[in-house]
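**Q** Sequence:
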Amino acid sequence: MAPDWAPLEAELAKWQSADLRLPLWWRDDDAVEPTPQLERLCSLARDLGVPVHLAVIPAAVQTELASYVAQHAELIPVVHGWAHLNHASKGEKKCEFPAQRPRQVSLEDMQRGLSRLQQVFGTRLGAMFVPPWNRIASDLVPALADLGFAALSTFTPRQAAFAAPGLAQINTHLDPIDWKGSRSLVAPEHLIAQVCGQLRDRRKGTADNTEPYGILTHHLVHDDAIWGFTEALISRLMQGPGRVWNFDTKDDLT
1 MAPDWAPLEA
11 ELAKWQSADL
21 RLPLWWRDDD
31 AVEPTPQLER
41 LCSLARDLGV
51 PVHLAVIPAA
61 VQTELASYVA
71 QHAELIPVVH
81 GWAHLNHASK
91 GEKKCEFPAQ
101 RPRQVSLEDM
111 QRGLSRLQQV
121 FGTRLGAMFV
131 PPWNRIASDL
141 VPALADLGFA
151 ALSTFTPRQA
161 AFAAPGLAQI
171 NTHLDPIDWK
181 GSRSLVAPEH
191 LIAQVCGQLR
201 DRRKGTADNT
211 EPYGILTHHL
221 VHDDAIWGFT
231 EALISRLMQG
241 PGRVWNFDTK
251 DDLT
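Here this note's numbering is used: the sequence shown runs in plain steps of one and ends on residue 254.
When the alpha-carbon atoms are kept at most 20 Å apart in a straight line, the in silico EDC-like pairs for lysine to aspartate or glutamate are as follows:
{"id": "1", "residue 1": "94", "residue 2": "139"}
{"id": "2", "residue 1": "180", "residue 2": "92"}
{"id": "3", "residue 1": "180", "residue 2": "30"}
Simulated from the structure, these hints should not be mistaken for lab results. If you're wondering where the values come from, they're calculated on a predicted model, not measured in any experiment.
Kindly produce the complete structure, drawing on both the sequences and the hints.
**A** Below is the structure:
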């Protein structure tokens with residue numbers, strides 16, 4: 001059964017009446033090398049006219065990915081932690097940079113991640129830090145700007161435009177994957193309701209509509225249902241009120 005997009009159409013009609021615009025961006029996590037799934041991601045990005053901020057795992061990156069990115073303008077590589085390893089205590093949610101890990105070790109890994117990907121991608125690299133599992137100890141955040149990062153990206157609507165002085169907060173807001181269940185697509189009616197709620201909050205001013213609205217994907221684990229919903233949603237948003245935001249232009253960072 002096809003998803004019922006009527007609730008979203010109704011919300012977008014209100015955006016049109018209010019002459020609002022939605023800054024839209026796309027982040028995809030866990031890249032390390034060229035794959036057929038990455039090729040499909042690139043093809044979809046080209047068709048939609050929306051670039052993908054590709055969160056690359058520095059410790060595992062393969063040199064072939066550098067030449068691949070060089071040939072695909074729709075990809076904007078960013079830094080996905082260091083090794084995507086869980087250092088959280090037993091019973092805690094997964095986190096590569098938890099509070100209980102020695103601070104200096106975490107800082108060294110974050111710096112190493114940036115340096116490694118600068119070597120691989122050069123000026124194509126976006127200085128955005130994406131912590132694995134979207135989690136990072138709060139006391140580490142202020143150090144990111146000193147290490148050379150310009151933005152931090154996690155998940156859920158941001159509380160402030162800057163995570164720390166000199167460090168923009170650019171989050172993602174919708175993840176279509178049912179990670180704790182089928183690992184296929186979350187029920188489409190739930191996703192559509194979530195999008196509608198988030199857009200309604202922005203329209204009414206209870207959420208920050210200057211923050212780019214982020215779609216989060218993981219190309220390596222998509223099935224056809226996830227691919228199809230992602231394409232349909234982004235396509236509809238780009239018909240209006242969506243407008244592309246990307247880190248290359250570094251506009252609207254606040």
